[in-house]
Each structure stands twice: as structure tokens, then as C-alpha cells.
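Asker: Here's the letter readout for the chains.
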Amino acid sequence: MSELGIPGQVVEAVENEEPATGVRRMVLNMGPQHPSTHGVLRLKLELDGETILKCQPDIGYLHTGIEKEFEVKNYQQAVTLTDRCDYLAPLSNNLGYCLAVEKLLGLEIPPQAQWTRVMLTELTRLNSHLVWLGTHAIDIGAMSVFLYCFREREDILRIFEMFSGQRMMTSYFRIGGLALEPPRGWQQRVKRFVDVFPSRVDEYEDLLTNNRIWIGRTRGVGKLPLEDMLDLGVTGPMLRAAGLKVDARKNEPYSSYDKFDFEVPTRTENDVYARYQVRIEEMRQSARIVKQALEGMPSGPWKADAPHVVLPDREKMKTQMEALIYHFKIVTEGFRVPEGEVFQVIESPRGELGFYVVSDGTAHPYRVHMRVPSFGNLQAVPAMVQGTLIADVIAGIGSTDFVLGDVDR
Amino acid sequence: MLPEPLRERAVALAVEAFDADAITAGKYDRNELTLEIAPGKIVSVCGFLKYDQKFVRLSTVTAVDRYPVEPRFEVVYHLRSLERNERVRLKCRLRGADPVIESVTSVWAGANWYEREVFDLFGIRFLNHPDLRRIMMPDDWEGHPLRKDYPITGQRV
Chain A
1 MSELGIPGQV VEAVENEEPA TGVRRMVLNM GPQHPSTHGV LRLKLELDGE
51 TILKCQPDIG YLHTGIEKEF EVKNYQQAVT LTDRCDYLAP LSNNLGYCLA
101 VEKLLGLEIP PQAQWTRVML TELTRLNSHL VWLGTHAIDI GAMSVFLYCF
151 REREDILRIF EMFSGQRMMT SYFRIGGLAL EPPRGWQQRV KRFVDVFPSR
201 VDEYEDLLTN NRIWIGRTRG VGKLPLEDML DLGVTGPMLR AAGLKVDARK
251 NEPYSSYDKF DFEVPTRTEN DVYARYQVRI EEMRQSARIV KQALEGMPSG
301 PWKADAPHVV LPDREKMKTQ MEALIYHFKI VTEGFRVPEG EVFQVIESPR
351 GELGFYVVSD GTAHPYRVHM RVPSFGNLQA VPAMVQGTLI ADVIAGIGST
401 DFVLGDVDR
Chain B
410 MLPEPLRERA VALAVEAFDA DAITAGKYDR NELTLEIAPG KIVSVCGFLK
460 YDQKFVRLST VTAVDRYPVE PRFEVVYHLR SLERNERVRL KCRLRGADPV
510 IESVTSVWAG ANWYEREVFD LFGIRFLNHP DLRRIMMPDD WEGHPLRKDY
560 PITGQRV
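Chains as they are written, first to last, in our numbering: chain A, 1 to 409; chain B, 410 to 566.
No lab work stands behind these hints: they were computed from the structure. Heads up, some of the hints might be wrong.
Said to hold, decoys possible - Listed next, the in silico DSS-like pairs over lysine-lysine satisfying Cα-Cα at most 25 angstroms (straight line):
| id | chain 1 | residue 1 | chain 2 | residue 2 |
| --- | --- | --- | --- | --- |
| 1 | B | Lys459 | A | Lys73 |
| 2 | A | Lys291 | A | Lys250 |
| 3 | A | Lys245 | A | Lys291 |
| 4 | A | Lys245 | B | Lys557 |
| 5 | B | Lys459 | A | Lys250 |
| 6 | B | Lys557 | A | Lys68 |
Construct all of the structure, not just a fragment, from the sequences and the given hints.
Answerer: The following block contains the structure:
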């Protein structure tokens, strides 16, 4: 479908113009199985020729009731649910949830765990941006970028596997610290990756940044006024591509992000190309953060000193009765969390990810609501694409970078 | 009447000055401000917070079911001000029988989907909402899954 469009051309909005005859109006279902909708999204498009008169997203195909599921898991078990929402950024979700519950518990997380969390979350950001770049480019017709991106993504997934034993659904962050001790030799592995990664970003840029077709398909496409974006709940790189310097890592620092030196890239053009530039620059900045974390990694414990929350060491369990009792209690009942409610926000690769956790003092969350970035970003798609060409929808939704697992939950 | 701990929060004082009856309760806990708003005043308070107090973003709208306690539902709004780098949480309590509240879509267009989600999963109706349909569940679904009296497993017969 993407070949049909005229690259880069934006047709003026025809909202108020009724077509002379009703005959030309056509309704087209894009999805739920369309490859460029990245998951199961159905867009109901009303067309006049190739111009979109109306766009209605239909979501919910991936609704799995995760928020309901939270209520029957105990707090630690529920970490695994967060992975499965935004499956391209599982560790960001882990982090948001863990921080929220830790805030309720009033837990102090040791520096090494915090820094490892930062490092792995930034690798997650790279992972997510690589998938975004690869698929976004493939939608627009640049096949080879995808293969380059997945080469580096494979390295990142191997690092995740080294840490947690899992490539995607890592659940590596736990309430109170990390799931396992960082593995031996991770430094070399991560170092090898971040040393070459900036040159790999140069490679992607060689393929795309000055590519005439890429520019033709993306520049001036998918514009949306900043006020509308704020109104509709858009967050993350899309806002930054519209010139607004917002980033929870800077504005509301968590997990010792304030100790890292990095820039928040912005652009003002507010089109698909600008969003591409912002994300490319974010990749470079994330690599910088990973490097700083690698070089300055503090030593010390990797889990909090809170025996009522964190599982004891295996060794201690064999020698100390108390440790054994704690282990038994935590595994069978879980731990109780003081009554209260928190809304913890982090910057996920897609934007503002918030966890609203309500506790009633038992071992199970009373209610968990996820404020997911994809949901707000997707809501802006109709405003973005109405009045443009059908081929621009592909570029537009690609630049929005939503994950349907995240939208539907 | 503003509860004592809220006297130090500028936002709470501003809302109090705007409408003395709007805040029914509130707390400042774990560095987060919660204001309980009388359900009838939610739109005017949101409008005031957005246009006068610079809370330009509506982060999310959701609900909590306190079944079997009455008033059963809490509709929760998270607002974000970029300029002041602050957040505030608004909460409206609704009774379990026919829960209805005014929609804030007139203040933030983005409330549309969030309110649809609450409607779908909790069965709370929003008045003057432009498009109040189910969003996650199929259109012919019966019941509202996130209510506490909705079973977690089982089969429809």
C-alpha cells in the first residue's frame, strides 16, 4: 500500500468539504492484520481517493486484563506481568513498577542496584529504538536498515540473557533490587557493545539521514500542533520533536539518573523526520549513559537490606533459622505493603510510563493502573493523519512508535 | 474547609480560593498531593487547574473500586504541570448505584479514551462524553471486568 503515495506530499485538510457525490467515499480497514500497524490495531479509514477524511482506531484486540491480574498476584509475582505489556521495553516496565512499590514500602535501594537498573533500562531503550527504527524504515521501504538494527538488537538481547537468563521477558528488576547477582564478566560484554555502538548508529544514519526517498517520505509528514499533542496525551520523543524539552529522567529523576551526564535532544520541525532525528540522538545519549554506568559502577550489595521483602541468600538459609523463616514467609504469603497510593512515573522509550499502585495493606496490590505512553500517543493518530494521504498514515504511525501490547494491556 | 496538612500546598490553596466547597478532603503523602473533589465540581476545578494553574497535561484517568464500601468508586485524575514540574491527583467518590460523573473531555480532548476505558472496565458513565463506547472489551460484552465483584476466572454460560 505504501507505494501508492506521493512522497512527502501533504494535502490540505478537507474536513469541512463534503464531496460532491457520496460515491467516491470509501471505507478501508487497515488492520487488524496489517504488517505496518505493529501488532493488532485496526484503523477504520474513510477515504476520498487517497485522502483520509476520517480515521478511527479500534483497539482492544490484545486486551488481556493485566490490570485485573495484578490484583490476584502478590507484589513480587506481579513483576512478571509488567514485562508482558510493553514487550519491547520490558525492563522499563519492571523499573516503573518496582519503584512504585518501593516507594510504598519506603525501601532504600543500594547504589549498585540503582546503577545496574539505569544501565539495563538504557539498553532497553536502545533495544526498543532499534526495533522501532528497523520496522519504521521497512514500512517506508528501506529494507536493509532492519537487518542492521536487528544485528545490534541481538547483542543487547544476549546481554539481557547473560543477566537474567531471558532474552525478552527478563523480569530482572525485583522489588528491593535485582533478581540475581550481576553475572561474572558482564563488564567486558557491555563494554564491547558500547564501544562499537556509536559507529553502528553512524551506519544507520548513512543509510537514512540524507537518503532522498527517506526525506521525501518523512519530512513535513505527520505534523500536529504542540498544544494538540499536550491535550491528547502525547508524551516522549514526539513531544521532544516538537521542541518541548520534557524528560522524566531530568525533570523527576529516579533511580539516580541525576548522577548521569546526558542531553535531552529536541527538534522543532515536529514531523516524522524530526522524530527520527530525536530518537537517533537518544540512542547516542543512551549509549553515553550505559558507558558512564559501566565505568562508574559502584560496588556493594545488589539488593536492599530488607529481610521482610528480599529473599535471603541461599547460604544464610542453610545456617540461620531466621533466614529460613523469612524465605518461607515471603514465598508462601508474600510481603505486606503499607496502606497508601503512589503514582510513579518513569521515562520509557515511548514516553511517560506511570504506575498507579494502590495498597490496602495486604500482600496483593489492591489496584494497579498503568499509565502507558502508547495509549496516549495512539490517541493522537487520527488528528495527525486526517487530511493526509494514505501512505502518510504508515509513516505517521511508525513515528508514533506504539506497542499494541502496551496500549491494550 | 481545607484539611490542615494541605494548608502548605499552593495548589490546594489556589483551588480553595477558586471554589471553597470544591475540596472535600485530601492528603499529602509520600510527596504526592491528593485532593478529593466534590463530583459535581470536577469540570470547573479541572478547567481552573489547566488554564489558571498551568496543569496543561492530563496524565491519566482511572478508577478504583472499593466494593463493598460506599461510596464505592473513586475516579482518579492525575494532572501534570510542565511549567511548575508538579503533579496533583484529583479524586471523586461516586456511589455504587448508577455511578455518573461529568466528563472532562471539554477541558482535555485526551480524556476521551481514558474515560472510555473507565466506562468499559468499571461501568462508570461520563456525561457529555462525545463517544462513550467500550474500548477494550467487545461491544456486546456483559459486565465490567475491573469491578471487584467481577470474577477473575470462570466461563460464561
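Asker: For every hint, state whether the structure bears it out.
Answerer: Hints, one by one, checked against the model:
| no. | hint | in the structure |
| --- | --- | --- |
| 1 | B:Lys459 / A:Lys73 | 37 angstroms, violated |
| 2 | A:Lys291 / A:Lys250 | 18 angstroms, holds |
| 3 | A:Lys245 / A:Lys291 | 23 angstroms, holds |
| 4 | A:Lys245 / B:Lys557 | 40 angstroms, violated |
| 5 | B:Lys459 / A:Lys250 | 23 angstroms, holds |
| 6 | B:Lys557 / A:Lys68 | 9 angstroms, holds |
Hints 1 and 4 from the earlier list are contradicted by this structure; the remaining hints agree with it.
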